[in-house]
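Peer 1: Sequence:
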Amino acid sequence: MRSMNQLGNDLYTGKTSFPFVGRRRVWFIIAAVLVIASVLVPLVRPVQFSIEFTGGSQFTVSGVESPDQALATEAVTGVVATATTKVTTVGTSAVRVQTDQLTPEETRAVTTALADAYSVPESEVTASFIGPSWGADVTRQSLWGLAIFLALTFIILALYFRTWKMSAAAIVGVVDVLIITIGVYAAAGFEISPAAVIGFLTILSYSLYDTTVVFDKIRENTREDGEISGRTFGESVNLAVNQTLIRSINTTVVAILPVGAILFIGAFAFGAQTLSDISLSIFVGTIVAAYSTIFVAAPLYSLFRENEPATKARDARVRASREKAGIPA
Numbered sequence: 013m014r015s016m017n018q019l020g021n022d023l024y025t026g027k028t029s030f031p032f033v034g035r036r037r038v039w040f041i042i043a044a045v046l047v048i049a050s051v052l053v054p055l056v057r058p059v060q061f062s063i064e065f066t067g068g069s070q071f072t073v074s075g076v077e078s079p080d081q082a083l084a085t086e087a088v089t090g091v092v093a094t095a096t097t098k099v100t101t102v103g104t105s106a107v108r109v110q111t112d113q114l115t116p117e118e119t120r121a122v123t124t125a126l127a128d129a130y131s132v133p134e135s136e137v138t139a140s141f142i143g144p145s146w147g148a149d150v151t152r153q154s155l156w157g158l159a160i161f162l163a164l165t166f167i168i169l170a171l172y173f174r175t176w177k178m179s180a181a182a183i184v185g186v187v188d189v190l191i192i193t194i195g196v197y198a199a200a201g202f203e204i205s206p207a208a209v210i211g212f213l214t215i216l217s218y219s220l221y222d223t224t225v226v227f228d229k230i231r232e233n234t235r236e237d238g239e240i241s242g243r244t245f246g247e248s249v250n251l252a253v254n255q256t257l258i259r260s261i262n263t264t265v266v267a268i269l270p271v272g273a274i275l276f277i278g279a280f281a282f283g284a285q286t287l288s289d290i291s292l293s294i295f296v297g298t299i300v301a302a303y304s305t306i307f308v309a310a311p312l313y314s315l316f317r318e319n320e321p322a323t324k325a326r327d328a329r330v331r332a333s334r335e336k337a338g339i340p341a
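The numbering used here puts the sequence shown at residues 13 to 341.
If you are wondering where the hints come from, they were derived from the structure by calculation, not from laboratory data.
Small disclaimer: the values here were computed from a predicted structure and weren't measured.
Any given hint could be a false lead.
Stated by the list, open to error - Straight line, CA to CA, 30 Å or less: simulated DSBU-like cross-link-like pairs of lysine-lysine:
hint, residue 1, residue 2
1, K98, K324
2, K98, K336
3, K27, K336
4, K324, K27
5, K324, K336
Stated by the list, open to error - Label-pair restraints from in silico Cβ distances:
hint, residue 1, residue 2, range
6, A322, F61, 46 to 52 Å
7, S135, T104, 40 to 46 Å
8, G26, T100, 51 to 57 Å
9, D128, V45, 50 to 56 Å
10, E86, S140, 20 to 26 Å
11, R57, A139, 40 to 46 Å
12, T100, I168, 37 to 43 Å
13, D149, G26, 52 to 58 Å
14, P31, R152, 40 to 46 Å
15, A328, I168, 22 to 28 Å
Heads up, the beta-carbon is just placed ideally off N, CA and C, and yes, glycines get one too.
Let the hints inform the model, and build the full structure from the sequences given.
Peer 2: Here it is, written out as structure tokens:
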């Protein structure tokens with residue numbers, strides 16, 4: 013069995029090659045299925061938004077001996093029978109309760125009821141309120157941030173690579189990452205919170221970083237090949253993806269290991285909701301970003317360029333040369 017070093021050398025020289033471009037139809041179908049499935053997830057399991065987006069009241073009970081969530085639900089409904097509650101355990105000695113918007117009188121009554129339910133002083137119960145207008149502002153600013161991010165990214169990449177086709181392929185890959193990550197996030201039952209939005213923007217940056225590295229190698233290969241190339245344009249793109257494959261895998265593994273540890277700590281060890289939100293989005297997004305660069309963005313760029321007259325002429329010349337030399341296509 014070959015070592016990773018030997019495999020990396022073989023991939024770089026072209027001795028071993030995976031057909032990322034040659035089988036792009038298969039990869040595009042798989043990508044389409046994943047995107048469609050991610051879009052359909054909210055129909056089966058609606059996306060849950062945190063209180064920062066929807067507005068409402070939040071209570072945190074500290075110093076509890078037993079974080080029994082049923083006690084919190086009973087305490088809230090005992091004051092406001094129609095209230096919708098969400099109770100989560102924070103660590104081993106605190107409980108967080110989120111409800112619909114309550115009046116000041118109801119807030120004071122719920123605070124007292126929670127203190128009685130968990131046998132703690134009322135000073136151990138903190139209450140906060142987030143209005144619906146604030147949540148609407150957060151939503152609007154998040155969407156504006158995403159739109160500005162994508163627009164600036166498209167312009168900067170087009171200028172950097174000197175072709176809008178590379179930029180377009182990269183943006184398609186980024187949108188692919190975003191949709192699939194949100195789909196997985198919703199399927200896992202996690203709430204979309206401001207921390208999650210930060211995570212989404214972070215993985216978009218990582219996706220662009222990974223794509224830029226691969227596209228730099230593609231540009232290097234296709235520029236150096238020029239008129240004397242013995243490879244078609246698609247083969248040059250495929251070689252570049254193979255040459256950077258081991259690096260992409262190593263970078264992804266190194267990135268997800270600490271994020272996975274944070275996810276475990278946030279979700280299971282300490283019950284830190286913010287850590288869970290941001291780490292899950294980054295963990296899933298990092299893996300999807302590596303997949304998207306290799307199987308979506310790079311093959312898509314090759315597809316964009318292969319119909320150009322100059323590229324078609326070059327590919328025809330390469331195939332004619334092989335046929336003349338008796339080399340199988």
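Peer 1: Any of the earlier hints contradicted here, and which numbers?
Peer 2: Structure breaks hints 1, 2, 7, 11 and 15.
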